[in-house]
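**Student:** Sequence:
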Amino acid sequence: MVASRFGQDYPEPARSVLDRDAAEVLAKTLRAIADPTRLQLLSMMHGSPEGEATVGDLADRLGLRQPTVSHHLRIMIDDGLLVREQRGRNVWYAISPDRRSAIADLLS
Numbered sequence: 001m002v003a004s005r006f007g008q009d010y011p012e013p014a015r016s017v018l019d020r021d022a023a024e025v026l027a028k029t030l031r032a033i034a035d036p037t038r039l040q041l042l043s044m045m046h047g048s049p050e051g052e053a054t055v056g057d058l059a060d061r062l063g064l065r066q067p068t069v070s071h072h073l074r075i076m077i078d079d080g081l082l083v084r085e086q087r088g089r090n091v092w093y094a095i096s097p098d099r100r101s102a103i104a105d106l107l108s
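Here UniProt numbering is used: position 34 in the sequence shown is 34, and no number is missing along the way.
Any given hint could be a false lead.
[Unchecked claim] Beta-carbon label-pair distances, calculated as ranges:
(1) 83 <-> 36: 14 to 24 angstroms
(2) 62 <-> 22: 25 to 35 angstroms
(3) 47 <-> 91: 17 to 27 angstroms
(4) 56 <-> 9: 11 to 21 angstroms
(5) 70 <-> 8: 24 to 34 angstroms
(6) 49 <-> 8: 35 to 45 angstroms
(7) 80 <-> 9: 34 to 44 angstroms
(8) 84 <-> 30: 17 to 27 angstroms
No wet-lab data here; the hints were simulated from the structure. Cβ coordinates follow ideal geometry from the N, Cα and C atoms, glycine included.
Produce the entire structure from the sequences given, and follow the hints as far as they go.
**Tutor:** What follows is the structure, given as structure tokens:
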């Protein structure tokens, strides 16, 4: 435990101070999810039984236009939070496998 000057005890910090590169990566990811619509999209994909959805599915559920949803999905794809897969005429979006546990922790 670490005592603060305000008289409260806090547990020891679990990690060291971020170096510059790690801080920049984290800041980019935080910018990518720092929007209520993007958080809702992540929550929908995380909570769906299949773990994936099309733009049309997501737009319908949120009551938004497809171009608006596509814009938000693109931001999260560019950050590596989501992956996309073309199947016939549809594009399916899912949380990136290497980010699933972090997203699950964030949304719980």
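**Student:** Each hint needs a verdict: does it hold in this structure or not?
**Tutor:** Verification of the supplied hints:
Between residue 83 and residue 36, the C-beta spacing of about 22 angstroms keeps the proposed range 14 to 24 angstroms intact. The hinted window of 25 to 35 angstroms between residue 62 and residue 22 holds, with their beta carbons roughly 32 angstroms apart. Between residue 47 and residue 91 the beta carbons are some 20 angstroms apart, a value that agrees with the proposed interval 17 to 27 angstroms. Evaluation of the 11 to 21 angstroms hint for residue 56 and residue 9 yields a failure: the beta carbon distance comes to about 52 angstroms.
Distance hint for residue 70 and residue 8: a CB-CB separation of about 47 angstroms, inconsistent with the stated range 24 to 34 angstroms. For residue 49 and residue 8, the Cβ-Cβ distance of about 43 angstroms falls inside the hinted range of 35 to 45 angstroms, so the restraint holds. A hinted range of 34 to 44 angstroms for the beta carbons of residue 80 and residue 9 is consistent with their spacing of about 38 angstroms. Checking the proposed 17 to 27 angstroms range against residue 84 and residue 30 shows it holds: the Cβ atoms sit about 22 angstroms from each other.
Hints 4 and 5, counting from the list given before, are not met by this structure.
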